[in-house]
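J.: Sequence:
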Amino acid sequence: MSDIKFHPVHEDIDGKPFDVFIAGSGPIGATYARLLVDRGYSVCMAEVGDVHDGLHPGAHQKNEIRYQKDIDSFVRVIQRPSSQFGEASITHGRNPMQKIFNNLGAAAITRCVGGMSTHWTCATPEFLKGVERPKIFPNDEVADDTEWKKLYEAARRLIGTSEHEFDRSIRHNTVLDALKNDPRFKDRGVEPIPLACHRINNGPYVHWHSAENIFGKDFFVKDPAPGKGVFRLLCNTLCTKLYESSGEIQLVEVRDLIKAMQGEKDIDFGIKAKVYVIAAGAIATPQILANSGFGGRRSQENDKNVLIPNLGKRIVEHPMAFCQIVLRQELASTRDLLREDTTLTTPQVDNVTSQEHPKWWRDAVAAHVEKFPHDPIKIPVQDPEPQVAIPVSKDFPWRAQIHRDAFSYGEASPLVDPRLVVDLRFFGMQKGVLENRIIFEDSFWDAYEMPQATFEYTPTPEFAKQATDMMNDMTNAAHVLGGYLPGSNPQFMTPGLSLHLGGSMRLGHKEEKSESVADYNSLVWDTKNLYVAGNGTIPTTFGANPTLTSMCFAIRSAYSINEYLKSSGTAAATESYSPSTSVPEKYKTPQKVGAQRVDVADSTIKPTPDEWLAWANVDDNRHKNLQGASTAVFVPYE
Numbered sequence: 018m019s020d021i022k023f024h025p026v027h028e029d030i031d032g033k034p035f036d037v038f039i040a041g042s043g044p045i046g047a048t049y050a051r052l053l054v055d056r057g058y059s060v061c062m063a064e065v066g067d068v069h070d071g072l073h074p075g076a077h078q079k080n081e082i083r084y085q086k087d088i089d090s091f092v093r094v095i096q097r098p099s100s101q102f103g104e105a106s107i108t109h110g111r112n113p114m115q116k117i118f119n120n121l122g123a124a125a126i127t128r129c130v131g132g133m134s135t136h137w138t139c140a141t142p143e144f145l146k147g148v149e150r151p152k153i154f155p156n157d158e159v160a161d162d163t164e165w166k167k168l169y170e171a172a173r174r175l176i177g178t179s180e181h182e183f184d185r186s187i188r189h190n191t192v193l194d195a196l197k198n199d200p201r202f203k204d205r206g207v208e209p210i211p212l213a214c215h216r217i218n219n220g221p222y223v224h225w226h227s228a229e230n231i232f233g234k235d236f237f238v239k240d241p242a243p244g245k246g247v248f249r250l251l252c253n254t255l256c257t258k259l260y261e262s263s264g265e266i267q268l269v270e271v272r273d274l275i276k277a278m279q280g281e282k283d284i285d286f287g288i289k290a291k292v293y294v295i296a297a298g299a300i301a302t303p304q305i306l307a308n309s310g311f312g313g314r315r316s317q318e319n320d321k322n323v324l325i326p327n328l329g330k331r332i333v334e335h336p337m338a339f340c341q342i343v344l345r346q347e348l349a350s351t352r353d354l355l356r357e358d359t360t361l362t363t364p365q366v367d368n369v370t371s372q373e374h375p376k377w378w379r380d381a382v383a384a385h386v387e388k389f390p391h392d393p394i395k396i397p398v399q400d401p402e403p404q405v406a407i408p409v410s411k412d413f414p415w416r417a418q419i420h421r422d423a424f425s426y427g428e429a430s431p432l433v434d435p436r437l438v439v440d441l442r443f444f445g446m447q448k449g450v451l452e453n454r455i456i457f458e459d460s461f462w463d464a465y466e467m468p469q470a471t472f473e474y475t476p477t478p479e480f481a482k483q484a485t486d487m488m489n490d491m492t493n494a495a496h497v498l499g500g501y502l503p504g505s506n507p508q509f510m511t512p513g514l515s516l517h518l519g520g521s522m523r524l525g526h527k528e529e530k531s532e533s534v535a536d537y538n539s540l541v542w543d544t545k546n547l548y549v550a551g552n553g554t555i556p557t558t559f560g561a562n563p564t565l566t567s568m569c570f571a572i573r574s575a576y577s578i579n580e581y582l583k584s585s586g587t588a589a590a591t592e593s594y595s596p597s598t599s600v601p602e603k604y605k606t607p608q609k610v611g612a613q614r615v616d617v618a619d620s621t622i623k624p625t626p627d628e629w630l631a632w633a634n635v636d637d638n639r640h641k642n643l644q645g646a647s648t649a650v651f652v653p654y655e
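If you read the sequence shown in our numbering, its first letter stands for residue 18, the second for the next number, and so on.
If you are wondering where the hints come from, they were derived from the structure by calculation, not from laboratory data. In this text the structure is predicted, and so the values were computed from the model without any measurement. Virtual Cβ for every residue (Gly too), placed ideally from N, Cα, C.
SDA-like cross-link-like pairs, simulated, lysine to any residue; straight-line CA separation at most 20 Å:
#1 K167 - L630
#2 K545 - G264
#3 K146 - D157
#4 K146 - D162
Ranges of calculated distance between the beta carbons of each label pair, as one might list FRET restraints:
#5 A481 - D31: 56 to 62 Å
#6 A618 - D199: 52 to 58 Å
#7 P241 - E580: 21 to 27 Å
#8 A618 - K203: 52 to 58 Å
#9 K376 - A464: 52 to 58 Å
#10 D31 - D162: 43 to 49 Å
#11 D157 - D412: 26 to 32 Å
Generate coordinates for the entire structure from the input sequences, incorporating the hints supplied.
T.: Printed below as a string of structure tokens:
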């Protein structure tokens with residue numbers, strides 16, 4: 018490591034160390050920041066990406082008017098911000114170590130403020146006990162149930178989850194009722210998808226939630242309110258490596274990507290903190306740790322004396338099935354459904370003009386007919402899309418989401434009225450086995466000069482059979498709702514496309530230390546102040562969207578950090594960390610590989626106190642009162 022100076026951000030706290038450094042600005046990093054800043058701790062967050070256009074840092078891009086009016090146009094947006102892995106910036110853009118047959122070919126990460134939450138589905142289900150949900154207290158079922166109940170309630174309020182924002186949608190109720198009334202699905206708990214969003218003034222549009230909602234109002238300000246800590250967000254700043262000695266992280270090194278692009282000499286800086294949280298995603302987090310020499314590199318495969326010997330091992334992924342259907346209804350003849358002479362037979366599901374429907378339904382149809390008397394489809398143009406789920410169960414261990422949303426695939430054909438198109442996505446499970454892993458190469462690098470990720474992933478026979486059963490279940494659901502949209506027949510998608518990779522830095526209990534990365538406080542084993550966060554920490558197989566569960570772990574972990582910072586021995590150092598000061602060698606000298614590691618006491622796993630969760634019960638309207646970005650401080654350093 019060449020001579021580097023401390024980052025100018027230290028000037029904002031009088032040359033002192035930050036209480037907490039966070040890599041990653043997605044919903045998980047935002048959860049840490051929100052809880053700790055609200056408790057008065059100073060937090061510095063580094064984000065490799067920039068602030069996309071929007072009213073607030075980390076805002077969901079789908080809230081923009083042009084995408085609210087045309088969901089299919091958002092497909093092109095999703096295809097841009099995510100960078101696919103399994104490719105490198107050399108040898109014609111390919112990773113020569115990546116085999117085709119066991120690749121997660123669609124795995125990707127998002128580089129922007131807000132991370133994946135700037136274009137996610139906003140689905141926030143809870144994991145099913147006994148199937149998906151990890152056991153924080155494996156020897157006390159009551160304590161475990163109580164802990165999860167409290168954590169899920171707090172996480173739902175923090176992100177703003179609701180099951181009722183589509184209650185007055187004709188299409189939503191049509192799909193929901195059709196599945197509930199079918200003998201094959203009536204006992205499956207068919208329900209509205211729990212979504213992090215709120216409807217705008219009871220109108221046709223919703224505001225989709227993201228990291229912006231977790232940060233909340235008045236978070237990005239230069240001078241914090243009384244009792245709050247200083248928060249600084251460094252955009253276009255890559256977290257490259259950490260330096261550890263005797264189980265304690267001494268320093269994080271970051272790179273100013275703007276300065277690097279401009280060809281400046283001084284592009285790498287040190288940031289000193291008391292605690293370090295790496296929340297850069299299930300791929301980028303282990304990549305940073307691997308680049309730090311902590312494990313996970315090809316050359317360290319058999320080295321058990323590295324800091325994190327299980328890094329990147331036992332990854333889990335969703336086998337994913339997809340199709341699109343055209344809703345059955347007697348209103349639309351074959352000629353009305355397709356704008357060309359393509360044959361598609363669709364028997365009736367529901368008569369939307371029936372007088373048996375609620376008044377709001379009848380009024381919406383009447384208004385549409387009055388405005389568009391010649392429209393053969395009586396569903397209002399601005400009728401909200403369906404948002405229906407079939408949750409995971411023990412007998413059917415996969416999750417189904419039947420909706421109409423924008424992905425990097427699944428754009429509606431121009432031959433079909435989009436009001437009649439419904440997407441079916443079924444998410445299966447895969448057990449985390451030792452053979453399935455991410456390993457980081459020693460000789461190949463990505464576009465950011467970080468070690469290239471190579472995937473080694475093969476579905477186990479048990480779960481491969483389960484995926485076949487899931488596909489059959491999807492075709493049954495499709496048959497209830499309509500006929501297949503030409504070109505969108507049932508299919509398995511490229512592995513990795515769900516972007517729900519788990520297990521890459523999995524949590525575990527003391528007896529699971531030999532196969533996990535961190536404890537259930539998310540504290541990395543044998544360290545004092547290094548925490549990992551995100552979907553990669555989930556140690557179980559799961560079919561549901563994992564974001565809410567990852568937020569629960571972040572809430573627990575933030576409390577652990579609070580306890581650590583309040584304990585003795587964490588007082589600020591007396592030396593200066595001003596930009597004119599070079600980083601001392603003592604912070605840049607990691608423990609030598611092969612040396613006997615220092616024993617570090619394990620942290621205590623205990624219930625999260627109600628006091629720590631009290632913030633979740635205040636200001637019910639905060640999701641509707643977000644301010645613009647005019648007073649925000651994004652990159653105040655030059």
